[in-house]
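Dock chain C against the given chain Y, drawing on the hints supplied.
There are 2 protein chains.
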Amino acid sequence: MRPGPIEPGSGRPVRAVVYGVGAMGSVMTRLLLDKGATLVGAIGHSPEKVGRDLGEVAGLDGKLGVTVEDDPAAVLARSDADIAVVAVSSYLETMFDHFQICLEHRTNVITIEEESFFPWSTAPSLAQRLDDLAKCHGVTIMGSGAQDVFWMTLPAVLMGAAHRIISVHGRATWNVDDYGPEVAEHVHAGSTLPEFESHVAQHGWPSFVVRNTLDALVADTGLTPTGADTAVRPVLAAADTPSSSLGRVIEAGSLLGVIDTATVTSQEGPWFTFEQTGCVYGPGQSDVNEWIVRGEPEELRLRNDRVPTRLATCTQVVNRIPDVIAARPGFVTVADLPRPRYRHLSLHSYLGCG
Amino acid sequence: MRPGPIEPGSGRPVRAVVYGVGAMGSVMTRLLLDKGATLVGAIGHSPEKVGRDLGEVAGLDGKLGVTVEDDPAAVLARSDADIAVVAVSSYLETMFDHFQICLEHRTNVITIEEESFFPWSTAPSLAQRLDDLAKCHGVTIMGSGAQDVFWMTLPAVLMGAAHRIISVHGRATWNVDDYGPEVAEHVHAGSTLPEFESHVAQHGWPSFVVRNTLDALVADTGLTPTGADTAVRPVLAAADTPSSSLGRVIEAGSLLGVIDTATVTSQEGPWFTFEQTGCVYGPGQSDVNEWIVRGEPEELRLRNDRVPTRLATCTQVVNRIPDVIAARPGFVTVADLPRPRYRHLSLHSYLGCG
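Heads up: the protein sequence lines correspond to chains Y and C, in order.
Take any residue in the first sequence, note its place counting from 1, add 994, and you have its number in this note's numbering.
Take any residue in the second sequence, note its place counting from 1, add 994, and you have its number in this note's numbering.
Okay, chain Y solo, but in the shape it has when bound (with noise of 0.2 Å):
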């Protein structure tokens, strides 16, 4: 039987279902039974992982007497989870069925898939199509990851000591070598600059984060957005640079990845500009987030140095599991809910047991 809603102080720890068991997945594994979590489930896709324990796949000390499994439905069906940690994939149309399941099954969904943050402007119908599903269930659909804090609330908290803003401008960068080959080829690390070029001429360019992150950031203010444009350019290698995660140098002339940038304008008159570098890092560089509010006052600036973007990622969501499952149903935002905070032991001591 499924166990009734979860109310704090009821003295029952999170059940949770880790929907992708890759290098996310495994981190954010640890991070939940740190926090004191119950994991009622594990979901995966390739043969290496599928019907091993999870403590085993995630690279944990001992079993955790869970299964991974390939049936979604199965899983969900049997675990009563209250949320599913979902970290699989690109793009709302590559995970709409694995969102599908998770909101038929009634339950929570919080995951790292980047359009998911605010899908409103690049998505708009199959969000809406997820967030009519997650009303229908009564459960919530959010997306984080290190966007949460660094990329939205921070600026946001920036801007509300602006009496008046003129311009917004973020930039910040990530390690394409934390995050394996996929991401890698997705930015072109390692194309040459004739190959880069003729990719974008014939297929476009998809605005991967940044505009979403931008269109939230947007959002939140109030302002009524006249335009959003996105643009990427390539960040070129000095000398040859060893990849980690396309296990070779990347020579001297070729991509080390791109410069994504979206810009939206308002009615209002004030206009936001991001500027997001992933590409592999030389020696000695580190993730950077900076942003700097014009207007009035004439500046507001504010810079995180060493941001660990990846490991934030994981560590955000985890703590953000107990707003998404008090959220209203539907497929909500950051905005939608409380600030980030910290929470000592959240995922047990925020159900009454700490």
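One thing to keep in mind: the hints can contain errors.
To be verified - To give an idea of the chain Y side of the interface with chain C (calculated C-beta under 8 Å), a few residues:
#	residue
1	Ala1150
2	Leu1152
3	His1157
4	Thr1259
5	Glu1262
6	Val1282
7	Arg1288
8	Glu1293
9	Asp1299
10	Pro1302
11	Ala1306
12	Arg1322
13	Pro1334
What the hints assert, rightly or not - DEER-style ranges, computed between Cβ atoms:
#	chain 1	residue 1	chain 2	residue 2	range
14	C	His1193	Y	Ala1017	54 to 60 Å
15	Y	Ala1233	C	Gly1247	49 to 55 Å
16	Y	Pro1332	C	His1193	41 to 47 Å
17	C	Ala1233	Y	Ser1238	48 to 54 Å
Said to hold, decoys possible - To give an idea of the chain C side of the interface with chain Y (calculated C-beta under 10 Å), a few residues:
#	residue
18	Asp1047
19	Glu1262
20	Glu1290
These aren't lab readings, by the way, just hints derived from the structure by calculation.
For each residue, glycine too, the CB sits at the ideal point set by N, CA and C.
Same frame as chain Y, now just chain C:
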């Protein structure tokens, strides 16, 4: 007749009384007008301001038709204000009567008085009396200022990216010369080291701002404080340094100001420290705000350079007015309110005129 409660879309601008027409009150007067508030009263004390038009006193281009008066009860009784913007002096004990008279006239209060930001540790009985009074009259009192965004909400959001916190270290600086001779005296700018040491030995040292800010931050985590320490040490001039607020040169070896530090420990383990330097600046110095959260991730870092602390105090107070009007009655803190966000012409459009 007193107007009914404000509701968004009711088409009525916020009615504000400027309570204290010094440097900060003057800036806030301009910002309030800019955002579409109706100024319905001005309260001052010094003979050279009382009886003059608020626009003149605040250094604006024209008159406002609002005369600065020295009888708070008369102004508040007549003005039917939604909010009093109070910038008179520091410490809850000094300000108690000013706040009381606002609350008794059923007027919400927002103030830059520093202890009011989180008064429950350093002035609990005064805070309780004001809390009771505010509830009795169905209005709200809250402290805000630069600490709202910079020393409280930004580090609190940063902590939201932590899985586990060991310690939190904050460091902020502000320029004594931005705040006039009273503040300069307060931090003993221009005193000799023996004078300062003898003063501290005789009178102790009140924890100014830093303790209240840190208490607010710790309270926001839900952790259980087990102890708090404060300390002060002098900042000595390495060379002769002119001070505009003192109107003279501070000799090498004398005090430019002080470094106030507060440390709070918690039952659950995480500990917090905040170090605030208030001193007369040398050439090229500017306000900095920096936070480091240690644990997992190993480090989360945030830095604001060239913080316009003084102006941001005024902008944040004005931006917070709709939140304070909408808040539950009582003595609240910014942690009880929605997080700061940008308000485009909010005191006007919030009320349906925009």
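Verification of the supplied hints:
1. A distance limit of 8 Å between C-beta atoms decides the matter here; for alanine 1150 (chain Y) the minimum to chain C is near 6 Å, and the interface restraint holds.
2. For the restraint placing leucine 1152 (chain Y) at the interface with chain C, the shortest Cβ-Cβ distance is roughly 7 Å, inside the 8 Å limit, so the hint holds.
3. The interface hint given for histidine 1157 (chain Y) holds, since its Cβ lies 4 Å from the closest Cβ of chain C, which is under the 8 Å cut-off.
4. The interface hint given for threonine 1259 (chain Y) is broken, as the beta carbon of that residue sits about 14 Å from the closest beta carbon of chain C, more than 8 Å.
5. This hint holds: glutamate 1262 (chain Y) has a C-beta 5 Å from the nearest C-beta of chain C, less than the 8 Å allowed.
6. This hint is violated: valine 1282 (chain Y) has a C-beta 10 Å from the nearest C-beta of chain C, more than the 8 Å allowed.
7. At its closest, the beta carbon of arginine 1288 (chain Y) sits 12 Å from a beta carbon of chain C; the interface hint therefore is violated under the 8 Å criterion.
8. Taken as an interface hint, glutamate 1293 (chain Y) checks out: its beta carbon lies about 7 Å from the nearest beta carbon of chain C, inside 8 Å.
9. Look at aspartate 1299 (chain Y): its Cβ gets to within about 5 Å of chain C, closer than 8 Å, so that hint holds up.
10. Among the interface hints, the one on proline 1302 (chain Y) holds; its C-beta lies about 4 Å from the nearest C-beta in chain C, closer than the 8 Å criterion.
11. For alanine 1306 (chain Y), the interface hint holds, since its Cβ comes within 8 Å of a Cβ in chain C; the closest pair sits about 5 Å apart.
12. Taking 8 Å as the C-beta contact cut-off toward chain C, the hint placing arginine 1322 (chain Y) at the interface is violated, the least distance being around 16 Å.
13. Proximity of proline 1334 (chain Y) to chain C holds as hinted, the smallest CB-CB distance being about 3 Å (cut-off 8 Å).
14. Checked against the hint of 54 to 60 Å, the C-beta distance between histidine 1193 (chain C) and alanine 1017 (chain Y) comes to roughly 58 Å, which is consistent with it.
15. Taking 49 to 55 Å as the suggested C-beta distance range, the pair alanine 1233 (chain Y) and glycine 1247 (chain C) conforms, at roughly 51 Å.
16. Taking the beta carbon of each, proline 1332 (chain Y) and histidine 1193 (chain C) are about 44 Å apart, inside 41 to 47 Å as hinted.
17. Distance hint for alanine 1233 (chain C) and serine 1238 (chain Y): a CB-CB separation of about 51 Å, consistent with the stated range 48 to 54 Å.
18. Nearest Cβ of chain Y to the Cβ of aspartate 1047 (chain C): about 23 Å, over the 10 Å cut. The hint is violated.
19. Given hint, glutamate 1262 (chain C) at the interface with chain Y, holds; its Cβ is 5 Å from that chain's nearest Cβ, closer than 10 Å.
20. At about 7 Å, the closest approach between the beta carbon of glutamate 1290 (chain C) and any beta carbon in chain Y falls short of 10 Å, and the interface hint on this residue holds.
Taken one by one, the earlier hints fail for this structure at numbers 4, 6, 7, 12, 18, listed in ascending order.
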